Amino acid sequence: MTPTELTVNVETGETTTRELTPEEIAELTAQATDETPSPA
Amino acid sequence: MAVLPTFTTGQVLTSAAANSMANSGWTYVTSVDFAGATAVNVDGCFTSTYDTYQVVVNGYRAASAGYLYVQTRASAVTDTGTNYVYNESFGSANINETSWRLAYAYNTTDRTNTIITIYNPLSTATGTAANSIYSARNGTAAFFTNLTSGQKQTQTADTGLRFTSSAGAVAMNGIVTIYGARKS
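As they're listed, the protein sequences go chains B and D.
So the number in the working numbering is just where the residue sits in the first sequence, counting from 1, plus 97.
So the number in the working numbering is just where the residue sits in the second sequence, counting from 1, plus 6.
Bear in mind the hints are in silico, worked out from the structure with no lab data behind them.
A portion of the hints provided could be inaccurate.
These stretches of chain D come out as covered by chain B in the derived footprint (C-beta under 8 Å, 3 or more residues) [claimed, not checked]:
1) 25-38
2) 93-104
3) 121-134
4) 174-185
It should be emphasised that the depicted structure is a prediction, and the values quoted were computed from it without experimental measurement.
The beta carbon of each residue, even a glycine, is placed where N, CA and C say it ideally should be.
Next comes chain D alone, as it looks inside the complex (with noise of 0.2 Å):
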């Protein structure tokens, strides 16, 4: 996409231009409300079109204090395997696990905020890799802040993506809105 112009006074603005504006920087691709589901499928976000993503995880919360267990998808099929791998900023690397933990919620009232950034979700030569950063607090009781940075084991084209919460079958609150990054 061509860079655009510095428009004068009285400029007529052209569908180029228009193009290059509505589809520059950090494109709108889904938005997702939880609603007090259990498990959320997002399928189809990955596409040829971007090949880095920002997942804006706004006021996540659920039923019982845990992480937030994020896992990709291939064409609607999770994959459960041992294929992940995340490091926090309070300890050693974990390896071999089925699923990363990106975010964290104590509790229904109390919200964690993060944006997941996903590199490369479909490349098979890289595999698939997530950043996180995000806070989580319960009420006056604790609170902390925490990076979490995870890849792929296995280089699979990945689509998509499952969130679950580490406290198992509980409902989860929150928003997920996708954005994809244009390459040029």
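Just chain B, with the same shape it has in the complex (with noise of 0.2 Å):
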């Protein structure tokens, strides 16, 4: 499935849904982490 970006505009009511760009994903991805809390 395509990744999607949803919109919320309060003021306006309206709700927008959007397939990301290959170039959003790519960012998406690029700051990705596998990073898992943990107690020090």
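Dock chain to chain to rebuild the complex, using the hints, since each chain is given by itself in its own frame.
Spelled out as structure tokens, the structure:
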């Protein structure tokens, strides 16, 4: 399934959904981390 | 808003009293069902009507394990700069970050719930701040509770939020409901 972005505008009441572009998917992938919280 | 009177039997309820009751305490702003989206934006949820907000995250989970990244938005544009600082109860401060980490989900079945308190999002004097306490579970293999407190290092008027996962471009589920606190 293609990653999507959901945007809700409270002022207008509009809800929009669109497919992320390959560039946006790449950005999200680049910010990914496998870091897991763990007690010190 | 005036303090409500103590109602008595037979008393006529005035519009002023009804309005006072309707607008007292935490007042509903909006609700968003993530519904499998990879990124979720909520614009226009912060206004001058309130200074303090509760962002109730109910049943957050994601297709891959990761933090719930939270960023601020202004005029429908996400602040992606290194303008965030946060500290988890587990460790030292993280400064110059590009988002807050305000929840965590291991998988698509074990749900994480939290109330994120947002302070002064529109203030250009103090900067937006956020607090969250949550628990995350991975079946019977892992469980932890974490308190995270964050602030913006820049003072901008923030009118919305963006939610993504630290796992990358993965589907998220859960419902976010936002309430504002009446000032008086």
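Taking the hints in turn, this is what the structure says about them:
1. 25-38: holds (count 3)
2. 93-104: This one holds; 4 residues, not fewer than the three required, reach chain B with a Cβ under 8 Å.
3. 121-134: violated (count 0)
4. 174-185: holds (count 4)
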